[in-house]
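Each chain, letter by letter, is given below.
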Amino acid sequence: MNASWPLYEVFLRGKRGLNHVHVGSLHAADAEMALRHARDLYTRRNEGVSIWVVRAADVTASSPDEKDPFFAPSADKIYRHPTFYDIPDDVPHM
Amino acid sequence: MSMSDDNPYDFLADEHSDDHRWAYGTGFTDPLAGVDTSVPDGVDAYGLASYCVSLGDDALIYSHRLQEWVTRLPELEEETAVANIALDLLGQARMLLGRAGAVLGRSEDQLAFFRSESQFHNVRLVERHDDDFAELVGRLLVFATWRLALFERLTSFSDPVLAAIATKGVAELTYHRDYAAQWVVRLGDGTELSHQRMQAALDAVWAFVDELFRAHPGELVTIARGEVDVVLDTVLATAGLDRPDVPPLALIGGRAGRDGVHTEALGYVLAEMQSVARAHPDATW
Numbered sequence: 001m002n003a004s005w006p007l008y009e010v011f012l013r014g015k016r017g018l019n020h021v022h023v024g025s026l027h028a029a030d031a032e033m034a035l036r037h038a039r040d041l042y043t044r045r046n047e048g049v050s051i052w053v054v055r056a057a058d059v060t061a062s063s064p065d066e067k068d069p070f071f072a073p074s075a076d077k078i079y080r081h082p083t084f085y086d087i088p089d090d091v092p093h094m
Numbered sequence: 001m002s003m004s005d006d007n008p009y010d011f012l013a014d015e016h017s018d019d020h021r022w023a024y025g026t027g028f029t030d031p032l033a034g035v036d037t038s039v040p041d042g043v044d045a046y047g048l049a050s051y052c053v054s055l056g057d058d059a060l061i062y063s064h065r066l067q068e069w070v071t072r073l074p075e076l077e078e079e080t081a082v083a084n085i086a087l088d089l090l091g092q093a094r095m096l097l098g099r100a101g102a103v104l105g106r107s108e109d110q111l112a113f114f115r116s117e118s119q120f121h122n123v124r125l126v127e128r129h130d131d132d133f134a135e136l137v138g139r140l141l142v143f144a145t146w147r148l149a150l151f152e153r154l155t156s157f158s159d160p161v162l163a164a165i166a167t168k169g170v171a172e173l174t175y176h177r178d179y180a181a182q183w184v185v186r187l188g189d190g191t192e193l194s195h196q197r198m199q200a201a202l203d204a205v206w207a208f209v210d211e212l213f214r215a216h217p218g219e220l221v222t223i224a225r226g227e228v229d230v231v232l233d234t235v236l237a238t239a240g241l242d243r244p245d246v247p248p249l250a251l252i253g254g255r256a257g258r259d260g261v262h263t264e265a266l267g268y269v270l271a272e273m274q275s276v277a278r279a280h281p282d283a284t285w
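As you go down the protein sequences, you meet chains A and B in turn.
Once you know that position 11 of the first sequence is 11 in my numbering, the rest is easy, because the numbers rise by one and skip nothing.
Once you know that position 209 of the second sequence is 209 in my numbering, the rest is easy, because the numbers rise by one and skip nothing.
Calculated directly from the structure, the hints in this document are not laboratory data.
Glycine is no exception: its CB is placed at the ideal position from the N, C-alpha and C atoms.
Heads up, some of the hints might be wrong.
[Claimed, not checked] Not everything, but these chain B residues come out facing chain A in the computed CB check (under 10 angstroms):
| no. | residue |
| --- | --- |
| 1 | Leu76 |
| 2 | Glu78 |
| 3 | Ala81 |
| 4 | Tyr179 |
[Unchecked claim] Label pairs and their computed distance ranges (CB to CB):
| no. | chain 1 | residue 1 | chain 2 | residue 2 | range |
| --- | --- | --- | --- | --- | --- |
| 5 | A | Ala56 | B | Ala171 | 26 to 32 angstroms |
| 6 | A | Ala57 | B | Val221 | 48 to 54 angstroms |
| 7 | A | Val54 | B | Gly105 | 53 to 59 angstroms |
| 8 | A | Asp68 | B | Thr174 | 50 to 56 angstroms |
| 9 | A | His22 | B | Gly218 | 50 to 56 angstroms |
All chains should be modelled from the sequences, with the hints used to inform the complete structure.
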């Protein structure tokens, strides 16, 4: 049966979390079942307040082979980091 | 941890977000640790205890039957789901037997492990063995729908401890019912074979339904069968399944599970469930 149930990726937003975080994956026949499986597998210790599931097949991922052209050009551009600015104390989440 | 004397719900339903009850064992050995278990004036203590034993036995025996499925289900995800449900029910059993034990002067373990068949008061629905997954979800649908209706009524019961246990249970049972309904619809509305097997499972389970609504002097609250039927009929209609028309399981001399009269199946459950505790009486774990 495993072969016929597609893989879903699970994203969870915790009580104190601001955004959904990828926590793992599971098998399910459809999205509704995936939500319930996610509840049973990933919120057993009261971790979450919101769940997203998405079919793994629907995730478009960057290729490891293209690592350099994708990411290397940004490595030496330190002016893109906000380290040259004073951040006021009351700006949250920086 | 502290609680106010008049509101055990706050204690039981507390999210425990910061003290990690399970990881550190707070209340682990006593499910009602810190709860005021005195019986309010005007409530018959023995009647209350007997009723809590009945409801606790339903959860304890059914939890055991669900636990038997662990390692036998076709998918790891379903296994966790069923184990979660079994654990929820075991938690309900512990609190209910603990509540009864506080009145009767017996511990939850004494009640669970040192009573014999005729001293158990669970309905006969919970003691049977599931022959397949369709029976698992069909029986769970009936059980959770019935128990949810009962617990919703109990949330306003005159004993605040039982009312609090029921309030905590409502959220659990709502999920159990949802889990079962999802599968009954999926199988009933699936292939020709899954439909056949789901219908056969319901036919096998339905003989036990009548007993759930049987008038019994020990029942402190009653629910109308129509209240449960309306939910079951909705699920069955969505699944394209027929409500079985089968004769109810016979009473024995006018008595059934609530009177301590059981099917053969309960003996097997107790033999397995009680063997370790009986071989090592007074052991702690």
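So, going through the hints one by one against the coordinates:
no. : hint                                    : result
1   : Leu76                                   : 8 angstroms, holds
2   : Glu78                                   : 8 angstroms, holds
3   : Ala81                                   : 4 angstroms, holds
4   : Tyr179                                  : 6 angstroms, holds
5   : Ala56/A to Ala171/B: 26 to 32 angstroms : 31 angstroms, holds
6   : Ala57/A to Val221/B: 48 to 54 angstroms : 50 angstroms, holds
7   : Val54/A to Gly105/B: 53 to 59 angstroms : 55 angstroms, holds
8   : Asp68/A to Thr174/B: 50 to 56 angstroms : 52 angstroms, holds
9   : His22/A to Gly218/B: 50 to 56 angstroms : 51 angstroms, holds
In summary, the structure agrees with every hint in the numbered list given earlier.
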